[in-house]
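There are 2 protein chains.
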Amino acid sequence: MSGPKGDIETLIALMARLPGLGPRSARRAVLHLLRKRDLLMAPLAETMARTAASTRDCAICGNLTAQEICEICAAPARATGEICVVEDVADLWALEQSGAFRGQYHVLGGTLSPLDAVGPEDLRIPDLVARVTDTRATEVILALPATVDGQTTAHYLADALAVTGVTVSSLAQGVPVGGELDYLDEGTITAALRARRSF
Amino acid sequence: MSGPKGDIETLIALMARLPGLGPRSARRAVLHLLRKRDLLMAPLAETMARTAASTRDCAICGNLTAQEICEICAAPARATGEICVVEDVADLWALEQSGAFRGQYHVLGGTLSPLDAVGPEDLRIPDLVARVTDTRATEVILALPATVDGQTTAHYLADALAVTGVTVSSLAQGVPVGGELDYLDEGTITAALRARRSF
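Chains as they are written, first to last, in this note's numbering: chain A, 1 to 199; chain B, 1001 to 1199.
Don't take every hint at face value.
Unchecked claim - Pairs of lysine-lysine, DSS-like flavour, derived with a Cα cap of 27 Å: (1) A:36 <-> B:1036; (2) A:5 <-> B:1036; (3) B:1005 <-> B:1036.
Bear in mind the hints are in silico, worked out from the structure with no lab data behind them.
Construct the entire structure; sequences and hints are all you get.
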């Protein structure tokens, strides 16, 4: 009664576990791959296997890397004493693409979430405190999401880092560049108004 | 100034070529894979490589298969003399999932499209005519899309098959099961009315 069989079926099931793909779009994607077996499917499988085998978490910051230590942690020019704390590697990539930060990172791997039973020991928080102490960092910049869990985590980190004496800052909240006021939520407008500066 | 590097960047570029994924969602998918390197990424790469290497087009009908001849063409019970012509393997899978057809298939690999310079020799049309003649098929059921190109192809096939004397039929057009009239287009309503039957 079914269409695809064996490996093809397994492949569709695995693809359907990717974010943004459901069973139907996974099937379409797999059919597309099967039509381009030599030009797309084989190179994709090879690159994926190689990347899965070679990628690891940077021993210092948690960034994804093919080495023991990622390029950012390994670059002497980036040892500025500033450590930017992010939830996830995706956030690190976004900050790197802006080109605005030249220090180092620390990837938490999530945010504190009592409801999901994510506590400090599940994230890389003890590592962060030890790292700040050991490297005598000058500033920790909290670049965490502006969600309840993100801000809870930020407050927790500020408390945990208090013993080290490091300066703790966080990203400014306000009107996004190109943002129009009548499309913004009230929280953002309130935050932007409170943090207003002389022109 | 970029985030991902080397293999990861290549992987994102390859994933972005899948239907339904753009550069942004490909990046999200790859990050998801990198987070589940052992549980998802490695098995996916392995299944993909194995499937790419083992899958081929069925020598008779054009279905995807791991053998020389697909299971449907190889099953004696399905040699009913009925050949259902579809545009694509996805359509074959859809028909198989309905379980309503117990004959064999013929996958064209596209539809005639003068604008895209797709002619009869680019599809498996000569194969179909030869197959109908050689196997003394009793009926060819055209299950082609109800688009201009699909219907052009259907007419071309009916003409090309005329010399073989085979019965040529096509899928009924009408109201989809569960369809509500006020959501249907005029063409479908007109077709359903023309093909009305006694109750």
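Violating hint indices (sorted, rising): No numbers; nothing is violated.
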